[in-house]
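Produce the complete structure using the sequences and hints provided.
If you read the protein sequences in the order shown, they are chains A and B.
Taking the numbering used here, I'd label the letters of the first sequence as residues 1 to 226.
Taking the numbering used here, I'd label the letters of the second sequence as residues 1 to 419.
Hints listed in this document are in silico derivations from the structure and should not be mistaken for laboratory results.
There's no promise every hint is true.
[As the list claims (entries may be wrong)] Here are a few chain B residues that sit away from chain A, every Cβ distance over 10 Å (derived from the structure):
id: 1; residue: ASP47
id: 2; residue: GLY177
id: 3; residue: LEU215
id: 4; residue: ASN236
id: 5; residue: GLY263
id: 6; residue: PRO377
[What the hints assert, rightly or not] Calculated from the model, a selection of chain A residues having no Cβ within reach of chain B, i.e. all distances over 12 Å:
id: 7; residue: GLN7
id: 8; residue: ILE11
id: 9; residue: ASN12
id: 10; residue: ILE19
id: 11; residue: LYS25
id: 12; residue: ASP26
id: 13; residue: GLY34
id: 14; residue: ASP68
id: 15; residue: LYS141
id: 16; residue: GLU194
id: 17; residue: PHE195
id: 18; residue: HIS204
id: 19; residue: MET218
id: 20; residue: GLU219
id: 21; residue: ASP220
id: 22; residue: LEU226
[What the hints assert, rightly or not] SDA-like mimics (lysine to any residue), calculated; alpha carbons at most 20 Å apart, straight line:
id: 23; chain 1: B; residue 1: LYS11; chain 2: A; residue 2: MET142
id: 24; chain 1: A; residue 1: LYS196; chain 2: A; residue 2: LEU165
id: 25; chain 1: B; residue 1: LYS4; chain 2: A; residue 2: GLU119
id: 26; chain 1: B; residue 1: LYS328; chain 2: A; residue 2: THR72
id: 27; chain 1: B; residue 1: LYS4; chain 2: A; residue 2: LEU114
These numbers come from a predicted model, not from an experiment.
Even for Gly, the Cβ is constructed at its ideal location relative to N, Cα and C.
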Amino acid sequence: MSQIVLQAKGINKSFHDPITIQILKDINFTVNKGEFVSVIGKSGCGKSTLLYILSTMDTDFQGELLIDGESTRNKKEGQLALVRNEKIGFVFQFHYLLNEFSVLRNVMLPGLKLGKYSEEEVEHRAMQKLKILGIENEAHKMANQLSGGQKQRVAIARALINDPLIIMGDEPTGNLDKKNGKIVFDIFQELAQEFKQTLLIVTHDNEFANSTDRIIEMEDGRIVKL
Amino acid sequence: MNIKLLLTIAKSLLLARWRQTLVAAIGVTFSITMFITLLSFMSGLNDLLDGLILNRTAHIKLFNEIKATKDQPIDLSDKFKSSYHFIHSIKPSNARQEIYNNGAILKALNSDKRVKGIAPKIIAQVFYNVGAIDITGVINGIDVEAENKLFFFNDYVTAGNYIDLLNVPNSIILGKGAAEKMLANIGDVIQITTPKGDRIQLKVVGFFQSGLVELDKVQSYCSLTTTQKLLGKSSNYITDIQVKLNDMTTAPVLAKEYANTFGIDAEDIQTANSQFETGSSIRTLISYAVGITLLIVAGFGIYNILNMMIYEKMDSIAILKATGFSGKDVNTIFVVIALSIGFFGGLVGLLFGFGLSSVIDQIPFNTASLPTIKTYPINYNPKFYTIGITFSLITTYFAGLFPARKASKIDPVVIIRGK
Ligand SMILES: Nc1ncnc2c1ncn2[C@@H]1O[C@H](COP(=O)(O)OP(=O)(O)OP(=O)(O)O)[C@@H](O)[C@H]1O
Ligand SMILES: [Mg+2]
Chain A
1 MSQIVLQAKG
11 INKSFHDPIT
21 IQILKDINFT
31 VNKGEFVSVI
41 GKSGCGKSTL
51 LYILSTMDTD
61 FQGELLIDGE
71 STRNKKEGQL
81 ALVRNEKIGF
91 VFQFHYLLNE
101 FSVLRNVMLP
111 GLKLGKYSEE
121 EVEHRAMQKL
131 KILGIENEAH
141 KMANQLSGGQ
151 KQRVAIARAL
161 INDPLIIMGD
171 EPTGNLDKKN
181 GKIVFDIFQE
191 LAQEFKQTLL
201 IVTHDNEFAN
211 STDRIIEMED
221 GRIVKL
Chain B
1 MNIKLLLTIA
11 KSLLLARWRQ
21 TLVAAIGVTF
31 SITMFITLLS
41 FMSGLNDLLD
51 GLILNRTAHI
61 KLFNEIKATK
71 DQPIDLSDKF
81 KSSYHFIHSI
91 KPSNARQEIY
101 NNGAILKALN
111 SDKRVKGIAP
121 KIIAQVFYNV
131 GAIDITGVIN
141 GIDVEAENKL
151 FFFNDYVTAG
161 NYIDLLNVPN
171 SIILGKGAAE
181 KMLANIGDVI
191 QITTPKGDRI
201 QLKVVGFFQS
211 GLVELDKVQS
221 YCSLTTTQKL
231 LGKSSNYITD
241 IQVKLNDMTT
251 APVLAKEYAN
261 TFGIDAEDIQ
271 TANSQFETGS
281 SIRTLISYAV
291 GITLLIVAGF
301 GIYNILNMMI
311 YEKMDSIAIL
321 KATGFSGKDV
331 NTIFVVIALS
341 IGFFGGLVGL
351 LFGFGLSSVI
361 DQIPFNTASL
371 PTIKTYPINY
381 NPKFYTIGIT
391 FSLITTYFAG
401 LFPARKASKI
411 DPVVIIRGK
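Listed below in structure tokens is the structure:
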């Protein structure tokens with residue numbers, strides 16, 4: 001049996017503003033190591049909400065979340081930050097780089113925060129990641145000097161820097177044109193196939209979803225197809 | 001490792017908005033500059049005004065006051081102890097201003113470890129003869145060298161040489177005002193009348209200017225021996241002993257002790273000049289109040305700018321948090337930003353403050369009443385600099401604390417979803 005990286009057990013989530021509405025209803029599923037999973041569903045069905053919970057950024061929910069076999073229930077804010085830093089790479093729909101830093105530095109920051117490698121090693125590793133994504137030539141530019149597609153690739157490189165257990169993406173191609181979107185997809189495919197990287201990607205693109213190992217389909221806060 | 005990383009992040013955020021940072025830092029620099037200058041100047045002025053009195057005033061003055069005896073004769077009799085005393089005002093007789101047995105007292109004081117130095121003195125009432133008119137005057141018979149050492153006598157001798165009092169027999173240093181009244185110049189011989197009616201001629205060797213005009217119209221200085229001679233007294237006659245202590249604050253206690261052991265009157269400087277202490281402490285208080293107000297205003301500036309910066313950096317903060325920086329890390333980053341504005345702004349403020357005080361120190365300040373002062377007084381006490389930098393760090397720390405806490409509480413989900 002393959003190793004479970006992430007497990008959701010009976011996750012429920014409600015918003016109370018302005019009235020209480022339940023958004024996620026009894027979510028149960030697992031992601032195994034090396035799996036490439038996509039999440040699809042209509043707009044407003046709760047995909048993003050689920051992803052924020054799975055990435056430990058949102059702790060206001062019922063049920064249990066296990067990452068690498070450990071429950072996040074009783075972890076403090078600082079410990080959860082550490083989990084995110086070490087085990088989760090997150091790619092947003094908007095590229096969200098730090099404009100005060102160079103591309104290289106942006107990729108390095110989570111690695112420096114983890115403190116597992118020396119600064120030189122982190123830099124070396126960051127260069128490697130940028131090379132995988134084909135943007136090593138932009139390494140010394142400032143983050144705001146890149147195109148949208150390039151920025152998204154930098155964000156993926158940053159997500160990879162600590163060799164995370166799992167990469168999560170919330171419509172990482174949603175803000176890109178078709179060509180750039182294709183490039184980013186191909187990168188995810190490559191990461192999954194060549195590096196056996198575990199991926200959990202929310203998308204609207206059915207064509208893309210069909211090329212992944214598994215599709216989780218959501219509707220009205222429930223998982224309708226695993 | 002972690003703190004070093006947070007420092008570099010803080011630095012990048014600061015430099016990315018260097019204009020804002022500069023404005024905040026200039027606020028701090030300005031207030032520290034003013035704080036240092038104000039305190040240095042005020043305190044210089046205080047020292048000057050205090051010095052006007054304190055330099056020339058003995059910490060303890062020992063003398064014999066002419067007064068009725070505390071124990072009236074009738075009190076001494078046991079017989080009338082429980083009776084009402086009608087006779088209660090026996091006046092002093094045989095009043096002598098002389099300090100008896102002063103040789104022994106001087107010796108005892110000289111060997112007292114708490115005493116920095118002593119200067120014996122004779123105060124003699126005289127008349128200065130100006131043509132047919134007599135002007136009242138006071139001649140201070142002084143131990144010239146001791147007086148100079150303890151009370152900076154030379155500083156106040158504006159013309160002539162103070163040591164001539166010793167070198168020239170029957171010489172006098174006249175108060176500036178008295179000299180003007182008598183139209184006396186250095187080298188002239190003036191005539192005075194002693195309390196006993198003797199007329200004595202004295203040679204003017206200098207002028208004395210204390211800064212207190214009324215005083216200078218009356219006071220003059222002679223050596224101890226000249227004064228003893230003109231009063232017709234023996235060479236151990238003195239009326240006052242001026243004591244300077246190592247620690248001025250002990251004066252009230254020691255004055256009591258000396259009064260008891262020597263059986264004479266003793267007056268301490270605090271009692272004699274209480275108004276000066278109050279004056280300087282209030283001036284100091286005002287300068288501190290103004291300086292600290294300036295700093296607090298600068299603190300609000302920093303608070304505003306940090307708040308704005310945090311508002312602008314919401315996205316960055318969200319990203320830092322999403323990629324594994326904790327709320328505490330974010331808090332540290334913003335506190336470091338605030339503190340570095342305070343530290344560098346404050347440091348430059350110290351330099352500017354020093355510069356501005358030195359400039360003020362060069363501005364000519366000539367006044368007839370202060371012969372030794374040529375420029376505005378400045379006190380370069382390192383204490384002000386320490387207080388300045390400490391306060392700038394403290395205010396900026398508090399100014400940064402609340403924005404930093406706000407930043408650390410930012411929920412990345414809200415920011416990311418908000419896009
Ligand atoms: N802070 C909030 N307060 C109240 N309701 C919210 C809040 N955030 C999201 N919702 C609601 O939760 C539901 C799910 O939102 P979510 O963003 O998870 O949808 P989604 O599946 O990601 O949609 P999309 O495909 O458009 O991104 C929506 O109906 C939304 O209105
Ligand atoms: Mg969404």
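To see whether the hints hold, each was checked on the structure:
1. ASP47: 50 Å, holds
2. GLY177: 72 Å, holds
3. LEU215: The claim stands: B:LEU215 keeps its Cβ more than 10 Å from every Cβ of chain A (closest is about 69 Å).
4. ASN236: Its Cβ never comes within 10 Å of chain A, the nearest being 84 Å, so this holds.
5. GLY263: 76 Å, holds
6. PRO377: 48 Å, holds
7. GLN7: The claim stands: A:GLN7 keeps its Cβ more than 12 Å from every Cβ of chain B (closest is about 21 Å).
8. ILE11: 15 Å, holds
9. ASN12: At roughly 17 Å from the nearest Cβ of chain B, A:ASN12 sits farther out than 12 Å, so the non-interface label holds.
10. ILE19: The claim holds: A:ILE19 sits with its nearest Cβ about 19 Å from chain B, beyond 12 Å.
11. LYS25: 19 Å, holds
12. ASP26: 21 Å, holds
13. GLY34: At about 23 Å from chain B, A:GLY34 clears the 12 Å cut-off, so the statement holds.
14. ASP68: 15 Å, holds
15. LYS141: 15 Å, holds
16. GLU194: Its Cβ never comes within 12 Å of chain B, the nearest being 24 Å, so this holds.
17. PHE195: Holds, because the least Cβ-Cβ distance between A:PHE195 and chain B comes to about 20 Å, which exceeds 12 Å.
18. HIS204: At roughly 16 Å from the nearest Cβ of chain B, A:HIS204 sits farther out than 12 Å, so the non-interface label holds.
19. MET218: It holds; A:MET218 is separated from chain B by about 17 Å at its closest Cβ, greater than 12 Å.
20. GLU219: 21 Å, holds
21. ASP220: Holds, because the least Cβ-Cβ distance between A:ASP220 and chain B comes to about 19 Å, which exceeds 12 Å.
22. LEU226: Holds: least Cβ distance 25 Å, greater than 12 Å.
23. B:LYS11 with A:MET142: With a Cα-Cα distance of about 16 Å, the restraint between B:LYS11 and A:MET142 holds, given a limit of 20 Å.
24. A:LYS196 with A:LEU165: With Cα atoms ~10 Å apart, A:LYS196 and A:LEU165 stay inside 20 Å; holds.
25. B:LYS4 with A:GLU119: 11 Å, holds
26. B:LYS328 with A:THR72: 19 Å, holds
27. B:LYS4 with A:LEU114: 13 Å, holds
Comparing the model with each numbered hint stated earlier shows that all of them hold.
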